[in-house]
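Peer 1: Work the whole structure out from these sequences, hints included.
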Amino acid sequence: MDIEQFRKAGYQAIDRICDFYYSLESRNVVSSVEPGYLRRALPTAPPEQGEDFSKIADDYQQLIIPGLTHWQHPSFFAYFPTACTFEGILGDVYASSVSNPGFNWGCSPACTELEAVMTDWAAQLLGLDNAFLNTTGVGGGVIQTSASDSVLTVVVAARSLYCKTHPGVGLDKLLLYTTSQTHSVGAKAALVLGLKERSLDVNLDDGFGLRGEALQMALDEDIKAGLHPFFIIATIGTTSSGAIDHLSEICSVAQSYPSLWIHVDAAWAGVTLACPEYREICHLDYINRYVHSFCTNFHKWGLVNFDASLLWVRNRKHLTDALDVTPQFLRTAQGDAGTVIDYRNWHLGLGRRFRSLKIWFVLRSYGAEGFRKYIRKGIDLNKVFSTWVSSSPLFELVTPPSFALTVFRMKLPPSKDHHTTSQDFLTRKLFERLSARKDIQVTQTVLHGIFCIRFAIGAERTEEKHVMAAFSLLCDEARKVNEDI
Numbered sequence: 260m261d262i263e264q265f266r267k268a269g270y271q272a273i274d275r276i277c278d279f280y281y282s283l284e285s286r287n288v289v290s291s292v293e294p295g296y297l298r299r300a301l302p303t304a305p306p307e308q309g310e311d312f313s314k315i316a317d318d319y320q321q322l323i324i325p326g327l328t329h330w331q332h333p334s335f336f337a338y339f340p341t342a343c344t345f346e347g348i349l350g351d352v353y354a355s356s357v358s359n360p361g362f363n364w365g366c367s368p369a370c371t372e373l374e375a376v377m378t379d380w381a382a383q384l385l386g387l388d389n390a391f392l393n394t395t396g397v398g399g400g401v402i403q404t405s406a407s408d409s410v411l412t413v414v415v416a417a418r419s420l421y422c423k424t425h426p427g428v429g430l431d432k433l434l435l436y437t438t439s440q441t442h443s444v445g446a447k448a449a450l451v452l453g454l455k456e457r458s459l460d461v462n463l464d465d466g467f468g469l470r471g472e473a474l475q476m477a478l479d480e481d482i483k484a485g486l487h488p489f490f491i492i493a494t495i496g497t498t499s500s501g502a503i504d505h506l507s508e509i510c511s512v513a514q515s516y517p518s519l520w521i522h523v524d525a526a527w528a529g530v531t532l533a534c535p536e537y538r539e540i541c542h543l544d545y546i547n548r549y550v551h552s553f554c555t556n557f558h559k560w561g562l563v564n565f566d567a568s569l570l571w572v573r574n575r576k577h578l579t580d581a582l583d584v585t586p587q588f589l590r591t592a593q594g595d596a597g598t599v600i601d602y603r604n605w606h607l608g609l610g611r612r613f614r615s616l617k618i619w620f621v622l623r624s625y626g627a628e629g630f631r632k633y634i635r636k637g638i639d640l641n642k643v644f645s646t647w648v649s650s651s652p653l654f655e656l657v658t659p660p661s662f663a664l665t666v667f668r669m670k671l672p673p674s675k676d677h678h679t680t681s682q683d684f685l686t687r688k689l690f691e692r693l694s695a696r697k698d699i700q701v702t703q704t705v706l707h708g709i710f711c712i713r714f715a716i717g718a719e720r721t722e723e724k725h726v727m728a729a730f731s732l733l734c735d736e737a738r739k740v741n742e743d744i
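Residue 534 in my numbering is what sits at position 275 of the sequence shown, and the numbering runs on without skipping anything.
To be clear, the hints were calculated from the coordinates, so they are not data collected in a lab.
This list has only true hints and no planted wrong ones.
The calculated EDC-like cross-link candidates involving lysine to aspartate or glutamate, where the alpha carbons are at most 20 Å apart (straight line), are:
#	residue 1	residue 2
1	K632	E722
2	K267	D311
3	K697	E284
4	K576	E372
5	K636	E719
6	K670	D683
7	K267	D278
8	K576	D408
9	K447	D460
10	K636	E722
11	K314	D261
12	K432	E480
13	K314	D274
These numbers were taken from a predicted model, which means no experiment stands behind them.
Peer 2: Structure below.
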């Protein structure tokens, strides 16, 4: 493909993307394809001779789009909000047009420097303390692929730090804490690194948030047993229920254990810190004063296309001490002089994508005001939805609404024999009916043995009419469940 052929194909691609978005609302949310559909449709080996790109582009339309789940659809209410903005698309296009492995400043100075500036911009947008800014030369921010990578990276740093300050302690004695509501990233980090993990129980009475008393009890038990707790994940907005751990209590307990690294995983809910009215409920003051690392995914509710997980650390030296591997061929005069950041030493991989470009495009296009407006819209829509749920004779809330997430289940109908059915049975039947539909998507969870349905709002194109239509659909399906029992 030469330059002019690329120009023509690029125009066609943009036109087709625009047509796709014009038609998005009329499309199903969930794909109707069956497993293996694409393997059956494609040749068993690559072509010997190159093909005309127009045919390749047509095959994308005919083969790939039918197999997509449309996360950006206004009726997508599953998992978590996920970003797909035009600004982010263009950022990815420009980033893909140049080769930037990004492992040191010399690869392309703009790649490193824009990342340092963008993580500082984002930190200020969220109200993070200046200690987390790259300009301090002490702390700083880095863009990771996902919150999973962020957790794994800081666990490596915390493990290295603990071993250096506690020589002679075997890795088999190290212990990291999660809770029964922590995302699986904690368990996976322990699995990958061969570390012990303890999941602390949380309960409905505490809003599924970890209390300081439970942490203190675990510390007493584990230290007495000869273990060395060195890391804890506190969550702002758990996946299942949107719960917030009681960070004030956790930090209070941790002050007596200075070697305990506190990481805050705020993967989907952390962007609410952009709105000053949510900073207290998210314990921003304690994040700024006590935690060692903080992560939130701008590729979820932050308008930036996947992938863009932002991680901040209070002390970058803990990362570089654990991860700095600099063979002769990677050395540069600027790196040796310490005048630049070499981000390869801030994460597990060597190369990296030019992710900061799309963050720059999004933050400039929306501005802080537009960013906050988008977050508030999702929360306001969820308030409307949760009010409908709580006032309905068909449903009840399982937990209080959390930002843009509502978790609910079916009520027992008053006219039925309650000895022959249960709320769990009804809710499972409702979820089965919803899962069979293609025009909406929600997800399930289980909270302390209670089967629930999660309803997460946040797609940029979702408006009140879509939420209203979704609630009407839920009611219709719930009535059918009741009719069938």
